[in-house]
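Undergrad: These are the residues of each chain, in order.
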Amino acid sequence: EADIYQTPRYLVIGTGKKITLECSQTMGHDKMYWYQQDPGMELHLIHYSYGVNSTEKGDLSSESTVSRIRTEHFPLTLESARPSHTSQYLCASSAAGGTGNTIYFGEGSWLTVV
Amino acid sequence: AQTVTQSQPEMSVQEAETVTLSCTYDTSESDYYLFWYKQPPSRQMILVIRQEAYKQQNATENRFSVNFQKAAKSFSLKISDSQLGDAAMYFCAYAYSGTASKLTFGTGTRLQVTL
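So the sequences go chain by chain: P and C. Counting with the numbering used here, you get residues 1 to 114 for the letters of the first sequence. Counting with the numbering used here, you get residues 1001 to 1115 for the letters of the second sequence.
Don't take each hint at face value.
[Said to hold, decoys possible] With beta-carbon atoms standing in for the labels, derived distance ranges:
1. P:P8 to C:T1114: 29 to 37 Å
2. C:Y1054 to P:P83: 43 to 51 Å
3. P:S80 to C:L1115: 48 to 56 Å
4. P:G40 to C:T1114: 18 to 26 Å
5. C:I1046 to P:K18: 26 to 34 Å
6. P:H73 to C:S1012: 36 to 44 Å
7. P:V114 to C:T1018: 39 to 47 Å
8. P:E56 to C:N1062: 33 to 41 Å
9. P:K17 to C:Y1054: 46 to 54 Å
10. C:D1026 to P:M41: 13 to 21 Å
Don't read these hints as lab results, they were simulated from the structure. Every value quoted in this text rests on a predicted model; they were computed, and no experiment measured them. For glycine and all other residues, C-beta sits at the position ideal for the given N, C-alpha and C.
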């Protein structure tokens, strides 16, 4: 299995709360990604990073924010959670270089906002 | 914009049999990659197989092989000698070479393996 870890795996929070989903990888990968996946649906890229201090928004608009202060760490934050944010969030990473490099995924964080 | 279409929401195969999962995509680019990812229930998504668009030869990984038809923009996955552990969601994905590995996914096919 890949060395990429997400916490928490499952979280139920109330509307308006601030939450941070943690993602860490020990493979030294420069590229990291956050995907959002509703149950039974496809994944949509919401954030990505080429390296430290680099962050870009993905194809799907998201109210979340990310930071990349360390190579191994790529947390995602929701300042004020809403029920529409209920989803699974998948963190991923890949080595620098070509597009064909394998992208490794974490186990995902299931977020439920009530 | 690139799109990936998986027209089979669910498929079922008997153990030891062969099954083919379909995927079509739309792109105006000529240099890209295609992938099949497997997502077991509550487990990590893992790469099954990848295909580089400029390679005519179909990729093969053990029991998994693809049928890549570039002109038809088709990329099907064949699983031979199916095993119970093959049961999962399978996602077809596309990445343009110039987009730093950003993947566009299809909606997935849920594969059931029966005894």
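Undergrad: All hints are to be evaluated individually against the structure, with a verdict given for each.
TA: These are the hints, each one checked on the structure:
1. P:P8 to C:T1114: 29 to 37 Å: holds (35 Å)
2. C:Y1054 to P:P83: 43 to 51 Å: Given a distance of about 45 Å, which is inside 43 to 51 Å, the answer is holds.
3. P:S80 to C:L1115: 48 to 56 Å: The hinted range 48 to 56 Å holds for P:S80 and C:L1115, with Cβ atoms some 49 Å apart.
4. P:G40 to C:T1114: 18 to 26 Å: This hint holds: roughly 21 Å between Cβ atoms.
5. C:I1046 to P:K18: 26 to 34 Å: At 32 Å between Cβs, range holds.
6. P:H73 to C:S1012: 36 to 44 Å: At roughly 41 Å between Cβ atoms, C:S1012 and P:H73 fall inside 36 to 44 Å, so the hint holds.
7. P:V114 to C:T1018: 39 to 47 Å: Roughly 45 Å apart at Cβ, these two residues keep to the hinted range, so it holds.
8. P:E56 to C:N1062: 33 to 41 Å: holds (36 Å)
9. P:K17 to C:Y1054: 46 to 54 Å: holds (48 Å)
10. C:D1026 to P:M41: 13 to 21 Å: holds (19 Å)
The structure is consistent with each of the numbered hints, conforming to all of them.
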